[in-house]
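Protein chains in written order, with my numbering: chain C, 9 to 300; chain Z, 815 to 949.
FYI, nobody ran anything at the bench for these hints, they're computed from the structure.
If you're wondering where the values come from, they're calculated on a predicted model, not measured in any experiment.
Treat the hints with care, since some could be wrong.
[Claimed, not checked] When the alpha-carbon atoms are kept at most 20 Å apart in a straight line, the in silico SDA-like pairs for lysine to any residue are as follows:
| # | chain 1 | residue 1 | chain 2 | residue 2 |
| --- | --- | --- | --- | --- |
| 1 | C | LYS145 | C | GLU191 |
| 2 | C | LYS253 | Z | GLN919 |
| 3 | Z | LYS848 | C | PRO167 |
| 4 | C | LYS297 | Z | ILE941 |
| 5 | C | LYS253 | C | GLY296 |
| 6 | C | LYS210 | Z | LYS848 |
| 7 | C | LYS210 | Z | PRO929 |
| 8 | C | LYS20 | C | LYS253 |
| 9 | C | LYS45 | C | SER102 |
| 10 | C | LYS10 | Z | TRP885 |
| 11 | C | LYS253 | Z | ALA934 |
| 12 | C | LYS297 | Z | SER928 |
| 13 | C | LYS210 | Z | ARG818 |
| 14 | C | LYS145 | C | HIS287 |
| 15 | C | LYS253 | Z | GLU930 |
| 16 | C | LYS210 | Z | LYS899 |
| 17 | C | LYS210 | Z | ALA856 |
| 18 | C | LYS210 | Z | GLU882 |
| 19 | C | LYS20 | Z | PRO937 |
| 20 | C | LYS20 | Z | ALA883 |
| 21 | C | LYS210 | Z | GLN833 |
| 22 | Z | LYS899 | C | PRO167 |
| 23 | C | LYS210 | Z | ALA883 |
| 24 | C | LYS210 | Z | MET859 |
| 25 | C | LYS45 | C | ARG24 |
| 26 | Z | LYS848 | C | ASN177 |
[Unchecked claim] Listed next, the stretches of chain Z that the computed footprint assigns to chain C, with coverage defined by at least 3 CB atoms under 8 Å from CB atoms of chain C:
| # | segment |
| --- | --- |
| 27 | 816-825 |
| 28 | 832-845 |
| 29 | 872-880 |
| 30 | 885-891 |
| 31 | 903-913 |
The beta carbon of each residue, even a glycine, is placed where N, CA and C say it ideally should be.
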Amino acid sequence: MKLSYYPGCTLKNHARNFEDSTLFAMGRLGVEAVELKRWNCCGTVYSLSADDLMRQVAPIRNLLRARESGHDRLMTGCAMCFNTLKRANNRVRSRPEDLERMNAFMYDEPLDYRGDVDVLHVLEVVRDQIGFDALRKQVVRPLEGLKVACYYGCLLVRPREVGIDDCENPTLLENLVTALGGEPVDFSHKTECCAAYQTLDKPEIVADRTYQILGAARGQGADLVAVSCPLCAFNLDQRQDLTLKRHPDFLGLPVMYFSQLMALALGGGEPELRLDFHHNPPGPLLAGKGLL
Amino acid sequence: MTLRISRSQVQSGFTARVQRLADQNLMACYQCGKCSAGCPMAAYMDILPNQMIRLAQLGQEETLLNAEAIWLCVSCMTCNTRCPKGVRIAELIESLRQVRLRARQDHLQVDRLSPETLQAVPPIALIGSMRKFTS
Ligand code: SF4
Ligand code: SF4
């Protein structure tokens, strides 16, 4: 299966571990991810103002790029890119007058956008196109004994109309971990926000959230937390030092992308996992479980 | 908190303006408080999300535009998905930020960020903050 692929900026630098593991795992599952030849920032956050059409141009241009290359599906792994692209797509689909104005603005594009590209998250492709049964059959290194707290954060599940699963109690990641041979734990904080981009202006709030979220995961006996957003990953992993400073009883926990767990179970090693990108290193834990 | 409500505030057009920007009917809110109950930022806010709705209904422009809370909301959408009346609180808060930002009153001073900070944070955090907190 060939799918056009939008990486987003963070997967090209701070989250290389996310991109490399995703491409390896999807390759193993027979998905060829064709990166768009040209792409721009998705806009990062979806603009919520009713009159702010200008800010929808960036995501729509990326959808146009997919169309240009002959694709009708665009896959992305970053939860923020996914959310922004899909919401912008929904908006122009439901408001043809907005789309017309945007096409007029993008007059120098060789094609008009017609709302005919579907935005897919990697997890949706795994669940709906590949299927967990098929995935299970490809597993060469089951994640036996690995207890995983699955963290969705906000953008995979909210708002409802773009969410890839139930917005209050999603189970997609748990099903994935089970298919990989791991053990998902009950997790009260799976859709609790990590304070997102406040990490710049108010990192101490992020530290408080990290304390609560990772604390809840530990309370359930989790060995690690699985994420799908590079901003969640940064906040939950890289902010652990600050968290410890503010909360001396904080114990920390490794944080990994769901795609790294897939890559691991599908036979990947250090070069695909890129564990050098982590702050709290998952290596010792994985080695202890005989997985690395 | 004592609130002084004047006819001029209520009739100032502020309510209509933010309703238009947010594309919301704020009058639908019946103050159940569910939005604030689940808000991850509520503990740090000077004015809670349900209070913002009430103040916006009453045209309390100054109080709202000077609230720290409008810069704490991260549009996590928890309130929106839970409101029993379908009010999109995150859109209202975005409209309050927009009133300030469109008057070029930035909240985040990017030029004051240290090179270390700029190096450390991923682009997603930097661009997200700039989109939300600068004009
Ligand atoms: S949840 Fe909705 S109805 Fe309840 S206070 Fe908040 S905005 Fe009003
Ligand atoms: S969108 Fe803003 S106000 Fe609503 S729950 Fe999230 S942080 Fe709170």
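For a C-alpha distance cap of 20 Å, please report whether C:LYS20 and Z:ALA883 respect it.
The given pair, whose Cα atoms are some 33 Å apart, is violated under the 20 Å limit.
Just to be careful, I want the Cα atoms of C:LYS210 and Z:ALA856 compared with a cutoff of 20 Å; is the pair within it?
14 Å, holds
Please count how many residues of the segment 885-891 of chain Z have a CB within 8 Å of a CB from chain C and say whether that reaches 3.
holds (count 6)
Would the pair C:LYS210 and Z:LYS899 pass a check requiring their Cα atoms to be no farther apart than 20 Å?
Violated: C:LYS210 and Z:LYS899 sit about 31 Å apart, past 20 Å.
Given the hint that C:LYS20 pairs with Z:PRO937, test it: the Cα-Cα distance must not exceed 20 Å.
10 Å, holds
Are C:LYS45 and C:SER102 close enough, with their CA atoms no more than 20 Å apart?
28 Å, violated
C:LYS210 and Z:ALA883 were given as a pair; does the straight-line alpha-carbon distance stay at or below 20 Å?
Given that 20 Å is the threshold and the Cα spacing comes to 13 Å, the pair holds.
Go check the segment 816-825 of chain Z versus chain C for me, would you? Three or more residues, Cβ under 8 Å, otherwise it fails.
violated (count 0)
Under the criterion that the straight-line Cα-Cα distance not exceed 20 Å, is the pair C:LYS210, Z:ARG818 satisfied?
Distance of about 32 Å is beyond 20 Å: violated.
Given the hinted pair Z:LYS848 and C:PRO167, is their Cα-Cα distance within 20 Å?
16 Å, holds
Please work out if C:LYS45 and C:ARG24 have their alpha carbons no farther apart than 20 Å.
Status holds; Cα separation ~19 Å.
Quick one, are C:LYS145 and C:GLU191 close enough, alpha carbons at most 20 Å?
17 Å, holds
The structure is inconsistent with the numbered hints 2, 4, 5, 6, 8, 9, 10, 12, 13, 14, 16, 20, 21, 27 and 29, although it conforms to all the rest.
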